[in-house]
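Student: The lines below spell out each chain.
Protein chains: 2
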Amino acid sequence: MLNAILASTSTVHGSDFLEYLLPELKELFKDKQNILFIPYARPGGISYNEYTNNVKMTLAKINKSVSGIHEFDDPVNAIDQAEGIFVGGGNTFVLTKTLYDFDIVNRLKDVILNGTPYLGTSAGSNIGGQTIGTTNDMPIVYPPSFKALGIVPFNINPHYLDPDPSSTHMGETRETRINEFHEFNDIPVIGLREGSFIRLKGLKATLKGRKRARLFRKGIEPIELEVNTSLV
Amino acid sequence: MLNAILASTSTVHGSDFLEYLLPELKELFKDKQNILFIPYARPGGISYNEYTNNVKMTLAKINKSVSGIHEFDDPVNAIDQAEGIFVGGGNTFVLTKTLYDFDIVNRLKDVILNGTPYLGTSAGSNIGGQTIGTTNDMPIVYPPSFKALGIVPFNINPHYLDPDPSSTHMGETRETRINEFHEFNDIPVIGLREGSFIRLKGLKATLKGRKRARLFRKGIEPIELEVNTSLV
Chain S
1 MLNAILASTS TVHGSDFLEY LLPELKELFK DKQNILFIPY ARPGGISYNE
51 YTNNVKMTLA KINKSVSGIH EFDDPVNAID QAEGIFVGGG NTFVLTKTLY
101 DFDIVNRLKD VILNGTPYLG TSAGSNIGGQ TIGTTNDMPI VYPPSFKALG
151 IVPFNINPHY LDPDPSSTHM GETRETRINE FHEFNDIPVI GLREGSFIRL
201 KGLKATLKGR KRARLFRKGI EPIELEVNTS LV
Chain Z
1 MLNAILASTS TVHGSDFLEY LLPELKELFK DKQNILFIPY ARPGGISYNE
51 YTNNVKMTLA KINKSVSGIH EFDDPVNAID QAEGIFVGGG NTFVLTKTLY
101 DFDIVNRLKD VILNGTPYLG TSAGSNIGGQ TIGTTNDMPI VYPPSFKALG
151 IVPFNINPHY LDPDPSSTHM GETRETRINE FHEFNDIPVI GLREGSFIRL
201 KGLKATLKGR KRARLFRKGI EPIELEVNTS LV
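Residue numbers (my numbering), protein chains in the order written: chain S, 1 to 232; chain Z, 1 to 232.
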């Protein structure tokens with residue numbers, strides 16, 4: 001049974017890494033001792049070891065040990081044997097390319113759909129959608145496909161930002177960008193504001209956290225979803 | 001002889017489409033009657049006809065006629081015969097994919113390097129760089145490559161935005177994103193603020209316009225470039 005959290009961000013302003021999510025993670029990873037961390041998104045180009053060490057220190061607060069996937073000889077084995085999995089944020093293109101380079105996209109999808117508890121934050125949430133076509137990240141490497149894990153029947157736009165009416169900047173707003181996505185794609189998109197996350201349990205997907213989310217569908221005015229709304 | 005303008009934006013706040021660039025365009029397109037417009041970037045999903053009509057109305061102010069590349073049976077012929085070329089902004093992925101779909105990337109590069117006057121704004125500037133790896137756009141379609149025209153030996157980040165020290169948003173700043181680019185790429189990047197542009201004449205590239213630009217190189221602290229600085 002699917003058991004996952006897809007979060008807009010790992011960190012909310014004024015609080016430590018994952019701090020706002022720790023109560024949720026206690027429940028998500030209940031009865032699990034060791035969590036497999038996948039550091040491939042490398043925020044700021046951080047090394048796999050350094051990124052994994054940060055996660056180790058943080059999840060120690062809820063008495064979980066952490067192994068980095070790069071510590072294993074065979075990443076497929078690591079995924080198959082994982083008690084729980086966390087894919088952290090960073091650059092979605094780097095993450096996606098590395099998952100394809102190691103040929104683990106489908107394996108990761110399979111174990112998550114079969115019930116290995118999964119946490120994704122930011123880029124790690126993006127890959128839970130149908131494609132990475134609604135990431136905010138810069139395309140700093142070229143992945144062999146934009147197709148993602150597709151554990152939910154929509155796409156996610158993490159760190160969703162409302163338009164700033166006082167802005168004089170002529171770059172597109174987030175809403176404009178997602179509307180452009182729908183000129184070329186049919187996949188619904190959930191704009192997840194920081195502090196919000198999607199809780200997946202079996203066939204249920206529920207919006208949780210601090211803020212409403214914004215649902216964009218092709219050809220339909222976007223709507224606001226309240227916290228605790230069931231998404232599918 | 002290369003004769004081109006790569007501009008951060010088509011439109012500065014409080015002013016009409018291309019208005020701030022019209023004096024420059026009079027000189028760039030001097031002695032040219034008809035400009036070939038390439039509307040492939042489709043901002044907001046606008047149609048080729050509608051986008052081209054906007055450009056026709058605007059360039060009529062400096063007595064130029066405009067043809068859309070989609071009005072020709074053969075886009076390669078259209079490029080070969082063009083007196084001047086303008087590639088407008090929109091989505092860089094859509095633009096790049098369409099250039100590859102019509103197999104005109106190399107032809108466009110060749111005529112520009114051979115002296116057909118070229119104006120690129122926003123996405124149209126991005127494709128002047130080595131790759132589209134420093135676009136701000138959402139990857140709403142999958143192009144067969146991120147390789148761009150490479151008419152300059154660097155990449156461009158248009159609509160460059162300085163970090164906002166008052167922001168509580170946890171998404172990456174533009175500078176963070178470009179530094180991440182340099183974890184994986186060696187190509188220098190010029191952050192072009194709105195209202196600024198690069199004037200290319202033969203082997204000379206000069207920063208022009210309203211604002212300084214920011215030069216990012218791998219492993220080196222970024223520096224500010226003053227207006228009228230020679231870039232290569």
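By construction, these hints were calculated from the structure, which means they are not laboratory data.
Among the clues, some could well be false.
Listed next, the stretches of chain Z that the computed footprint assigns to chain S, with coverage defined by at least 3 CB atoms under 8 angstroms from CB atoms of chain S [claimed, not checked]:
hint : region
1    : 39-52
2    : 134-145
3    : 164-173
4    : 183-196
Only a predicted model underlies this, so the values are computations on that prediction, with no experimental measurement involved.
Note that CB positions come from ideal geometry on N, CA and C, so glycine has one too.
Student: The structure should be examined with respect to each hint, and the outcome stated for every one.
Tutor: Verification of the supplied hints:
1. 39-52: Our answer is that it holds, as 4 residues pass the Cβ test (under 8 angstroms) against chain S, meeting three.
2. 134-145: holds (count 10)
3. 164-173: That given contact holds, which follows from 5 residues of the region 164-173 of chain Z lying within Cβ reach (below 8 angstroms) of chain S.
4. 183-196: It holds: at least three residues are needed, and the region 183-196 of chain Z offers 4 whose Cβ sits within less than 8 angstroms of chain S.
Every hint, counting from the list given before, is met by this structure.
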